[in-house]
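Colleague: Here are the chains, one letter per residue:
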Amino acid sequence: MLRLLVRGLFTSLQSYFIHLCLCFSELSGVSLTEIKRDWSDHALWWDQKKMWLLRTAWTLEKYGIHADARLIFMPQHRPLKLDLPNGKTVRLRACFSDPVFQTVMGICRQLNIRHPEELSLLRPVEEKKKKKDKDLTEEIYDLTEVPLSSVSRPCLYNGMPAHFAESEKMEAVYKMLSITQTPPAPEVITKQYRPASVVDKAHINGRWLDSSRCLMQQNIQENDRLWLRFKYYTFYELDPKYDVVRLTQLYEQARWAILLEDIDCTEEEMMLFGALQYHISKVSQSEPQALSTNTAMDDLESALLSLEVKMEGESSSATELLESVLIKRSCVNVRFRPKRLTLKGYKQYWFKFQDTSIAYFKSKEESIGEPIQQINLKGCEVAPDVNVAAQKFLIRLLIPAPEGMNEVFLRCENERQYAQWMAGCRLASKGKSLADSSFQSEIQSIRSFLAMQRNNSGSSSNAASSDESINTHSLVSPRYHKKYKTKQLTPRILDAYQNVAQLSLSDALMRFLQIWQALPDFGLSYVVVRFKGSRKDEVLGIAPNRLIRIDLGVGDVVKTWRYNNMKQWNVNWDIRQVAIEFEGNVNIAFSCVTADCRIVHEFIGGYIFMSTRSREKSDVLNQELFHKLTGGHEAL
Amino acid sequence: MEDIDAMFSDLLGEMDLLTQSLGEEIPPPAPLPNTKKEVSFTMDFANFNESLHELEDTDLDALMADLVADLSATEEKLTAEIQGLKAPSPPLPNLPPPPRDLSFPPAPYDSSSSSSSSSCRDSSSSLVSTSATSPLPPPQAGKPSKEDIEAQMKADKIKLALEKLKEAKVKKLVVKVLMNDGSSKTLMVDERQTVREVLDNLFEKTHCDANVDWSLCETNYELQLERTFEDHENMVEPLLAWTRDSENKVLFQERRDKFEVFKNPQNFYLWKKDKKTLKDMKDKDKELLIKENFCGPSIIVPDLEGVLYLKEDGKKSWKQRLFQLRASGIYYVPKGKTKSSRDLVCFVQFDNVNVYFGKDVKNRYKAPTDFCFVLKHPQIQKESQYIKYLCCDDDWTMRLWMTGIRIAKYGALLHGNYKAAEKKSVVSSAWTNRSTPSSSNQSTPSPTIRAKASSQSNGHASKPQPGSDHQDFGNLPPPPPPLNEILPPPSPDPVLPPPPPSLASKPSGPHRKQPSGFPPPPLGIDNNLPPPPLPPPIDEAPPDFLPPPPPNTGIGSFPPPPPNTGFGSLPPPPPPPPPPVSSLPPPPASFGGIKKSLHPPPQDPQFLPPPPPDPVFTSAGAPPPPPPPPPAFAATPRANARPAGSVKKMPPAPPKRTTPVAGGGGGGGDLMSELMLAMKKRSDH
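Chains as they are written, first to last, in the UniProt record's numbering: chain G, 1 to 636; chain D, 1 to 685.
Derived by calculation from the structure, the hints in this document are not laboratory data.
C-beta atoms are modelled at their ideal positions from N, C-alpha and C, and glycine is treated no differently.
Incorrect hints may appear among the rest.
[Unchecked claim] Restraint-style ranges between C-beta atoms, simulated for each label pair:
(1) Q285/G <-> C295/D: 33 to 41 Å
(2) K315/D <-> N585/G: 47 to 55 Å
(3) D343/D <-> P79/G: 41 to 49 Å
(4) D351/D <-> D574/G: 29 to 37 Å
Go ahead and model the full structure; you've got the sequences and the hints to work with.
Modeller: The structure is reproduced here in structure tokens:
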């Protein structure tokens, strides 16, 4: 077999003497003859020249190999430890002989991620103080046994690619890939490296591997650790149906970017991100893999359900659901305080919920007659004011009226009552009645949130991870750990949560990504550069559609150039300078400080490549074009 | 409360019947409709009456026309429904009039965009016809799949019941819309109609050029505020917030700002660049900008940041602050802090506020400039500390901010609105251009420019005498008079008070669209083709077809459909009478459809015979049909007859209707999917 493979070489060996190191490490201890091995993956690596001799039809002479050449015979696919966006490590066999671009394609095929062109590999940050952590050996998900051939055509089995369905172990790997991770403990977030400035953020971009050269050429060894990340922030046709892993990993990357303040956002946005994380982790635990069922059918069912409820209500039969609806209808005692009347006390009234309005009466007995007042809650703002420890359950309503907003507080007696009325108020503010199907789930989510607060206020923050509740500090960046205690943070997140509580898992993921993508700084990869004619360092931000120049001193965007105005860009490899010409005779040139100019070049070319993708040809990736746009340097 | 109870018992009875008598035909509980009618009639009668008194005669006429429109639309719906319900069972000649006379197909309560709403209507109408089609075979051959059909029938019925629940609550407003020239038009607006639909309606009544800038605006007299309604918005909702005797008005005007961002996106997204670059922007680059910012996974708001004057809550002073617009709201930089995102303080989020233009703020509030925009909850109608006033240095900055806020608030909806408006304008320009001068008797200037909003429940209750209306009605769709006569010049200044009288004297019409070489598009009329055959056909249609015959059977026992005299006075249909056949569901172009549909388009005898299901049936080449009555119609003729524009207008329709049919026997699934579609659309709100 060996001879077959290398025949081309040996025939031309003739009188040369070559060090041919055969790499049989995997076979050590086993007699060669006994084992039946597939050698087709093996090839020769010319160590000194850092190149693979993949063209077996070429003669050694044509390759320019002389007697002193050191050739290594070894497999092209070798194990690699990959750090995924979700922080987990997977060990899999990657191709060490193809350009990284193709290697990533192969990896993504194994992991079942579509559009591999958006991802790439980068060298990990040097871990200095991680020594003590090394003791706790992290879990490594092993994919090295996946036969490479089986991956080529992913057919679905049980909703996952066939090669994941082979064993339970493999299924676990797929689970890890496709289900979002539970929120990290607050300490984990605090411990991680957080960039403090744009310059810090720029450093990561110096570590991207060269897409047009292979791993071996970039000194990556077997079992080395690399990061797999989304590199280009244009996510083509994200579809929850086909992109389970892609969506999950993208969400994880976005989540960490926000938690570590890699991308800036406002406090309100942070709370919303927190609420979405909470919701996503809750939903993904409760209904794992429940792919969005036909929502239309659900609607019909829920509509029918509510209809039934109403009708049964008339005939007073008692189902679970009905009961609660009746409770709502036939009134709960809620104390009520119109603002400014009295600051201290609350007056007790009998309240009734009808459709989207609440009406109140002096007493239960009078509730048949005319109410003292009826308030339509549609379009009002509902905010909680709750302190579980103090048994304070207030609902703050900001009700619009022609004269302005009326502030009304409803005080509930206990948690149960509060959850029901809060849920009712929220639905009503959106114009839905209590018969709406989401009423029960709304109550549930309110109660689970209350439970969270109870736990947090009871014990110290560390112990909270034991049960299903989540420490809200896990959902926001460390900045807010300092600013708010969990007790204060929870209501704020709850506030944001009410707008997202009804989303399905994939909708919530998509929403998270949408808000992320709507942030002003989204999609910017920074590189510290020095513009031609300038004496100070500045930052170049590379976005999917434009380049921006940022003044380091002020942090302001000084100038923006869009790619669609770009006429050409060149790299002078000798002086490591990138020169770009835009329409209207605008020329810029800069040298790169924190990253190789190759990386900037590849970013620009890559984004231009991404913009050429279109639906018709989305199936086949135009690799040639990619390399044309991103490569072209240091002709090999 | 009582009426709700009544409704429940109504429904209860109905549900019982429906569930019990599966497979049998449905003896609809006859008494029900009456109660319903009465209830709805009394509810707001006084109110309605009152408002009617204040209307001028002309208004009344117009109103009557609308009412009749509603009426006949209802009837037509009814027939369609009956058809749908009856289909599976062997046709009984003497069906008692079912109680469904009040129901429309489920219209989206507050559909997100006009296109979606129209497609929704499509789906509902096609739903009816599919349901009629699929059961065709069963009586003879379809035994095996009976359960399926039953299940689907059941779902269908349940859905109808649900619809009725909603329907019973539908409100109608009488709205007076002030024209640019000082005249006004009175419209009946259904609670579920979107602004787009009302606009379409107005286009037809005014015969204006229907360009994209036409807008409906709300003015608040007390606060001196003004706002352009977005096309996807529900029309009635904001009007209901008005106080009882408010001087607020609804204006029908051209507003360039409404869609300016789609015409010149660079001015908003690249406003920092120098003027010349912006002016010379290539169309290709503009498209790219729109694509980048509106067609991506998330909406990108223009990058806006600047010092604005803020009127402090309840105070008289104006304070300068550095504001920033983000997708999540407006923020400002607190004193002594940096501009970094995490230090920003949220000033307002957009969920509960609308953006208004504030007039005369210099005088009223001692504002530093007159370029002021206002953020407030739509319900707030009077002076309040909850209203936020922001002043800009110049007009352009103000427009930037107002547009930016709208983008942040509505996102892709705006783009959808624009595309819908554009389509409409293309079609209409063709239509206007071919028109000949003729009667322009429509508007009489009326002194009161108040939009009278009075709610009247279910307009059908007050059935007007059909005859008289019809005459009036005949005048409605006259070919529009020459452009110049009607169209007031586009007023650049939104505040401009409507120039007074004399319609005819307006010289420069907003003659934007070039007269195109289109064949005369019978657009107006096309739209009028209501999905199911209209009541009038009844008499002629052969009652004994096996395939559920058109509405006729049911209708016979109905309140008299628009009398034939009405037809006489109708203008002849435009040249190419588009046979309503084909797999295209009749284009309910919009909600206006309801009204329009009462234009007796079907007066042309050609239309009458084809009950909607049949053509579909034939064209789809479905299984052995019982002799389809009017096989004469093929799908093609219609396509040809239609001007390109109008076909374009309702793109969503074809697939919906055709797919189910093409599915052949599997009617069950298709019906369900239709159903679900309709349900989903509706429940989105």
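Colleague: If a hint holds in the structure, say so; if it does not, say that too.
Modeller: For each hint, the structure was consulted:
1. Q285/G and C295/D have their C-beta atoms about 34 Å apart, which keeps the hinted 33 to 41 Å range intact.
2. Range check, K315/D to N585/G: Cβ separation about 52 Å, and the 47 to 55 Å hint holds.
3. A hinted range of 41 to 49 Å holds for the C-beta pair D343/D and P79/G, which are about 46 Å apart.
4. At about 57 Å, the beta-carbon gap between D351/D and D574/G misses the expected band of 29 to 37 Å.
Checked against the numbered hints above, the structure violates only hint 4.
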